Structures are given as C-alpha cells and as structure tokens.
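K.L.:
In case you want the letters, here they are:
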Amino acid sequence: MAKKGVPLSEMATADTHGEDSPYFAGWKAYDEDPYDAASNPSGVIQMGLAENQVSFDLLEDYLEQHPQEFGWGCGISSFRENALFQDYHGLQTFRRAVALFMEQIRGGRTQFDPEHIVLTAGATAANELLSFILADPGDGLLIPTPYYPGFDRDLRWRTGVNIIPVHCNSSNGFQITLRALEDACTGAESMKVRVKGFLLTNPSNPLGVAITRPILEEILDFVSQKDIHLISDEIYSGSVFSSDEFVSMAEIVEARGHEERERVHIVYSLSKDLGLPGYRVGTIYSYNDQVVTTARRMSSFTLVSSQTQKMLASMLSDKEFTKNYLRTNRERLKKRYEFVVERLSNAGIRCLRGNAGLFCWMNLGELLEEPTVEGELSLWNLILHEAKLNISPGSSCHCLEAGWFRVCFANMSQQTLEVALRRMKDFTEKMKEG
Amino acid sequence: MNQKLLLSRKAACNVHGQDSSYFLGWQEFEKNPYDPITNPGGMIQMGLAENQLSFDLIESWLHSHPDAAGFKKDGALIFRELALFQDYHGLPAFKSALAKFMGEVRGNRVTFEPSKLVLTAGATSANETLMFCLAEPGEAFLLPTPYYPGFDRDLKWRTGAEIVPIHCSSSNGFRVTKVALEAAHRHAQKRGLRVKGVLVTNPSNPLGTTMTRQELDTLIDFVLAKDVHLISDEIYSGTSFDSPEFVSIAEAIKDRDDVAHRVHIVCSLSKDLGLPGFRVGAIYSGNDAVVSAATKMSSFGLISSQTQYLLAALLSDDEFTRKYILENRRRIKERHDLLVEGLRRIGIRCLDSNAGLFCWVDMRHLLNSNTFKGEMELWRKIVYQVGLNISPGSSCHCDEPGWFRVCFANMSEHTLNLSMQRLKNFVDSGEHRSTHDSGHRSPRRQFLAKWVLRLSALPAAVTA
Chain A
1 MAKKGVPLSE
11 MATADTHGED
21 SPYFAGWKAY
31 DEDPYDAASN
41 PSGVIQMGLA
51 ENQVSFDLLE
61 DYLEQHPQEF
71 GWGCGISSFR
81 ENALFQDYHG
91 LQTFRRAVAL
101 FMEQIRGGRT
111 QFDPEHIVLT
121 AGATAANELL
131 SFILADPGDG
141 LLIPTPYYPG
151 FDRDLRWRTG
161 VNIIPVHCNS
171 SNGFQITLRA
181 LEDACTGAES
191 MKVRVKGFLL
201 TNPSNPLGVA
211 ITRPILEEIL
221 DFVSQKDIHL
231 ISDEIYSGSV
241 FSSDEFVSMA
251 EIVEARGHEE
261 RERVHIVYSL
271 SKDLGLPGYR
281 VGTIYSYNDQ
291 VVTTARRMSS
301 FTLVSSQTQK
311 MLASMLSDKE
321 FTKNYLRTNR
331 ERLKKRYEFV
341 VERLSNAGIR
351 CLRGNAGLFC
361 WMNLGELLEE
371 PTVEGELSLW
381 NLILHEAKLN
391 ISPGSSCHCL
401 EAGWFRVCFA
411 NMSQQTLEVA
421 LRRMKDFTEK
431 MKEG
Chain B
1 MNQKLLLSRK
11 AACNVHGQDS
21 SYFLGWQEFE
31 KNPYDPITNP
41 GGMIQMGLAE
51 NQLSFDLIES
61 WLHSHPDAAG
71 FKKDGALIFR
81 ELALFQDYHG
91 LPAFKSALAK
101 FMGEVRGNRV
111 TFEPSKLVLT
121 AGATSANETL
131 MFCLAEPGEA
141 FLLPTPYYPG
151 FDRDLKWRTG
161 AEIVPIHCSS
171 SNGFRVTKVA
181 LEAAHRHAQK
191 RGLRVKGVLV
201 TNPSNPLGTT
211 MTRQELDTLI
221 DFVLAKDVHL
231 ISDEIYSGTS
241 FDSPEFVSIA
251 EAIKDRDDVA
261 HRVHIVCSLS
271 KDLGLPGFRV
281 GAIYSGNDAV
291 VSAATKMSSF
301 GLISSQTQYL
311 LAALLSDDEF
321 TRKYILENRR
331 RIKERHDLLV
341 EGLRRIGIRC
351 LDSNAGLFCW
361 VDMRHLLNSN
371 TFKGEMELWR
381 KIVYQVGLNI
391 SPGSSCHCDE
401 PGWFRVCFAN
411 MSEHTLNLSM
421 QRLKNFVDSG
431 EHRSTHDSGH
441 RSPRRQFLAK
451 WVLRLSALPA
461 AVTA
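Residue numbers (UniProt numbering), protein chains in the order written: chain A, 1 to 434; chain B, 1 to 464.
Same shape as in the complex, but just chain A:
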C-alpha cells in the first residue's frame, strides 16, 4: 500500500547497495527454481556462490570428538561470563587462535600479533570499516578489475567513498601493471578525486590466482611512493592449492621498514577457508596502531558473537587439527579445480590458469554474438535459462573484456558438479552448432 511517505535518506533509496546487478539477479532465479538431485533435477544449479563446502566433514568430525567445546559445560560461571562478554577487544584466546591460524596458513613465514587483530562480523564489515577509517566521503580507493561485485556496496554505499578501477586484461593473464596503476591515478586526478588507498584481493576473486611476489613488491613500492594505504584482502589465503604458491602482503611488509608497514592492513575471514560464513567472523590485521584503535571502537557496530568466539577459539588453537584441515582442504580444492578445468577443456572452453580459490575464471568469448557487455549479458541469460546454470558474468565484476565468467565449484557435491559440467558441455555444443 503506497503511503505518503516520510522521506528516507538518499542512501536508503538509491541503488548503491548494488543489488540490482546480474550477480544478484541470478541468485533470485536460483532461489525460485533450485536444483535438487532427487526432487528437482532440472532446476538451476548455483555456480555463482563462492562457498566452500568440500571440507565440512573435517569440522563435523572435530565437533563429534570435542562436544564440550560447543556448549558451556556444567560450570556455572562459564555461560554467564561468555554471555556478558562484549568487549570490543575480543576474546583474547580467540584473537590468539586467529593469529595462529593465519600464521599456519602462511607456513609460519609471518608473525601476527594478537594485539593487532580487530574482530568484525565478517570481512564485509572489515572492508567497510577500513573504507570509513582510511578515506573521507568523495575520496577514492584503487581496485584492480575484475573484482568481487560486493565491493561496490561494501566500500562505497554508506561511506561515500569512490572506487577507481585499475584495469587489467587477458593480454598478461589479468596481472596488475604499473602502467594500469598510473593510468588509474591520472584518471582520479582528472576527476578531482583524492586517492587514499589501494585494495588488493590476494588470492584474487574472481580470477582464482595468487598474486606473485614481484607484483606484490611493486604494489607496495607504488603505494609508498604515492603515500597511500594498502588493504590486502586475503580471505582466500587458505584456499591456495599449494601452500608455497601464496605470498602474503605480510611477508613483503615484514622485510620492510616501519613507515611502510603503517600503511598496510590485511583483511581475513573464516567464511571461505573454513566454510563458516554464517558465524560472521572477520578480522582486520593492521600494522598501524591508530587504525587498530579506531577500528576497535568502530567494531562496536559489528562485534562477533561471544558464543562463536569461544567455540572457535578452541578449534583454531588445535594445531594438529588446523594443520590437517588446511592440507586436506587444499588438496580437495585442487582436485575439484583440475576436474572442472579438464571437463571445460573437453567442451572447448578455456579457463585462466588459476591456483587458488573456490572458482575458475572461464572464457566464453567465442560464443558471444557481439564482444560487448550486452552480448555477454545476453549469453549469461541464455546460460541461466537454458543450461540452468547460474554463473557470474565478468561485467558484474567490472571486467572490461566481454566474455569472461566466474564459475564456482566448491559449493556443491561432486555429483552436482558433474551434472553442471555436462550441461555446460551440452550448451556449448548446441551454441556452436546453431
């Protein structure tokens, strides 16, 4: 019922939340007709959701073997102490456990001080917090394309900060170049937008590639020279197929001087590596004391449930468990990835050579009617409605080259994956014939 409304804010009524993009529209189609092997075998298969479901059994086993960690036991003080705990510093045992886990992921090549860990309800909140802290409304953050569509909302919506794309292309495997960085800065200058930082996702979403050491060094040199901040979103760090192929910005930073460290802030989360997006556990690790202090205060708006902190503290502190988990998880993701790439290759579809993440970056350029965004969206729509696969069009990730798609593979069973890949093959064959 339409009412003569009291006005809401511009923020509430604009579409900067970005939810009207194809990235989210595909989800809607899936929600309305979800695939189920038994009850709806012709439904839409969700390949647009970067979730990690391949290693739950490891977590469930842990749960079965350590049931006491998930309740509060019989101790009278245990529950109430936990229920009352709302200190924005976060549970010390949990912070220590997160620091330890992050070190393990990096093979012990870096050190994380629990006192520099700020907890937030998910990486979504962590990224927004950093945008509030490092930039003023109207300022800009440089982000390499293609990038995670959620950034449009997370970094810009309530903060008023702009995203300045740093365009990458397939000519060099979408690697970030100095030229692209400089071009982006020049562009910002001409629009009178003050650049305050650079946000890197490493490993990259949607590319599924870990950034190489030389490029990381180059980026750190660049941000130092421009005197801006560097956010390294490393939420997929535990999903690199081979642990020695991941170089964290923390490694680069530890070798550098104090002043350069002050500009680096790492974002991490348990949503991807551990497959626990529902628990809302994100963190900002900053080498800058002022950022840590401010981020802590701001985290009041987005604290992690003390129940969750307590439960995960024990699990993440169990070195034996985490070591085994990380190794097994990597192996399984690698296997899945190779399977997907091979099957796609059999269907005549090329993918960017990736080594990380829960998805692959697939090229369907040959199937486009025209090499434009419209052509890409038209193909995407066909795949959604005919092949019944929800995959993410590159344009929703701000990729300048038409025809690239992100395909997730870790959020379903092996059987469902096989069905999906068969459908993809059938679809491309039909397209090529027609």
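All clues given are correct.
If the Cβ cut is set under 7 Å, some of the chain B residues that face chain A in the computed set are:
id, residue
1, F85
2, F132
3, T307
Calculated directly from the structure, the hints in this document are not laboratory data. Bear in mind that the values here come from a model prediction, so they are computed numbers and not experimental data. Note that beta-carbon positions come from the ideal geometry of N, C-alpha and C, so glycine has one too.
Following the hints, complete the assembly by docking chain B onto the known chain A.
P.N.:
Frame of chain A; chain B shown alone:
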C-alpha cells in the same frame, strides 16, 4: 610527503566519545576492581547497565536442552546448515521466536510480524542503521535529555547526523512535554538543521521510567504535525517491573495506519535476557522501504547463525519465556527496592521508577555548588574515596547538575549492600562537604584533572 599517514576525518575526530570522564571511571574500575575475597577494598562497578540477575534460569534451560548449543536438531547434526546460513533475512525460526517474545514482553497486547523485523548485531547497530536510513549527514534527530551516553557515538559518528536535545527537567519528573518538543524543533531550525525525527528510549535509560500514554500521544501528534520519523528504543521493555504498566509505542499506534510507516522500534536481548555478548538486536518497522534498506545494511552486522539457532530454541519455549519474564521482573523489582531503601536510609532520594537496571539518583543536596563543576567534584569523591563507579548526569546530557545513574542488577546482593554501606559512611562523615581535592588515593590525579570538565561520556569497550 607526510610523516604520519593520514586517516579519515571520522577516524581522527573524537565523536566516538571515548576521551571522557565516564571512560575514566571505567578505567579506574578496571585498575582496581572489587572482589569480595581478593580485593574487598576495590572499586564497585555501578556504571554498567547489565542484567546478571536471571542467568540461572537460562543455564538450567541450556542444561536440559543440550542440542540447542550443540548444533543438533532432533538429534541430527545441523552444523553445516548453520555454518552456511548467512541470509540477511535471518533464520526464520529465530525471527518468529523473537517476534513472539516481543509480544509476550508487552503482555501480548500487541503482536509483531516477523517480516517487519530486521536483525542486527546488537541495538548499537540497529540504532546506527536507522540513522543511515532516515537521515542525511547534517540532519538532526531530537532526543529527550538525559539520554544514554552511547547515542553520541551510535547516532552521529559515522552517519554525520546531529542530535538536538529535548530538554526535560526534574520539575515534572523529566517527562517529555509538547512545549519541550516544540522548543527543541525551533532550536534545531535556528541552527539550520533539518529535523528528520525523534528518538525516545522507553523505558528510559538513565531514568528507569516508562512513558505515559499521554506522553506517547503527544509524541505521535508531534511527529505527525512535523512529518518526521519516530524511533522508540525499547531495549529495556522486559525490565519494567512495576506499575504503571509499560506501554509500547506499538500499542499506542495500534490500528493507526496514518502513523505506522513513520514508527520504528529498536529491540535487543542484551538487557532483558542479559546476553550482550551474543549481539542480538533488531529493528521493527512499519515502513517497507525502511525494512528493505535496513535489511540490506544488516550485511555489515549480521547475527551469528549459531546464536540465532540457540536463541530460536530458547525463545520458542513458551513455558520458559513465560516463567522467565515474570521471575526476571520480580528479581529486578526486589533489587531496585533494595537500592532505593538503602539510599533512603542515607537521606538520598531517587526518581520514582518502574523499570530499568538502574536508579536515577538525586544527590543535589550533596553538591558543594549547584553546578556541573560541583557535580564532577562529588563524582570524583564517590569514585576515589567511596570506591563506587556511578555515572554522572552530565555524561547523560542532563540539564541539572547533581543527578547520577546507579546500576543495581550487575552485582550480588551482598555487593549492593556493601556499596550502600560505603556511601552511608561517606555521607555521615560529611566528606562530601570538604572542598579540597580528595583524589589522594589515586596516583593518576593529575591525569584525571584534565578530563574533569568534559561533558560527553561513553563506556570504554562496551555498549551498556
């Protein structure tokens, strides 16, 4: 270029309110916390509005329902279901249970629809989210004084919104009047601020009183006349323990279609159930556009799915909630009466209250001078000499010096009695009349002096 890397204006300003006298009292408590055995001379924390009176009821429920915390549903593991669940529409079972509980707390005189609920990580997040949805930077909300110190951060810091006070006075029990509302509105306009709404806390923090039906009607008429929003922060609704019965804004606008779309209620389980650590808050709005926008914004502060699951089970248990609501109220009243009586014996009066986890205490007669300077002097003495961390009215933006908020539900009965004993000794000795600086106990006196005249306040690391 710059030596010090610049942060944003928001990061560099102090609207977060953490450099304040209130924070100092907190700090002093943390340095020297009372413990009956290990530190009987330590500071007693009376500045924290927590409800610690009814944990045993919840603990006993947990004990007989181990599945709820153990990710089991009818014996089967639902771990991965919960682990993956991050839908910002919230766990349906939890929203239903919460809506039901909200109705029960209001004597089932109103019912709440789960579809109008937006879940947030605590009321702190709910209040901020509403401001983002309803006000542009620079626009204002009117708030009756005295108000919860945390609002300065929650409503203004990242949103850029302004707070304009509605001045309430002890002459009428700090009630909100039409005259005061109009005056605040005019004042805002004089300052060039566009008013977007009124935010009231009902039951009130720090007063501990509930709004009368007349006050609510006055508010409704006002927001209609000015075409603005009304936010009713009802996080203390379950702590109303005495007559007059708590009347929610939901009741006052029942069947009023012309008003529902401008009214938004904030709830939380932090006060009623004593679970601030679990971060459970919600916005209930009759405005679809607000529900829609706030739901999307809740992505920045979702409630942990495991917590939603646990509380869905707890709150769906009708027998438990019925008993809990009654018994919790009874205990709060008992504690409240203990404090009021204890103070009365010292010749100290409180504002007549029927809700909340604190009393609004009148210590005007103990001031050396009827000024805020006098209030701070008295406060320092109470913190350092008596060893009680209570909250000065100035930190709540009270217009009149001499009022203090004293919490009673976050400690044992024994500790409460001890705090009254200490206060009695202090008053009987006439120490409050001495004019020389009495902070000799604390080596941080110099540091303290710097903060003495700051008037805004915020608890250090909590949202109480």
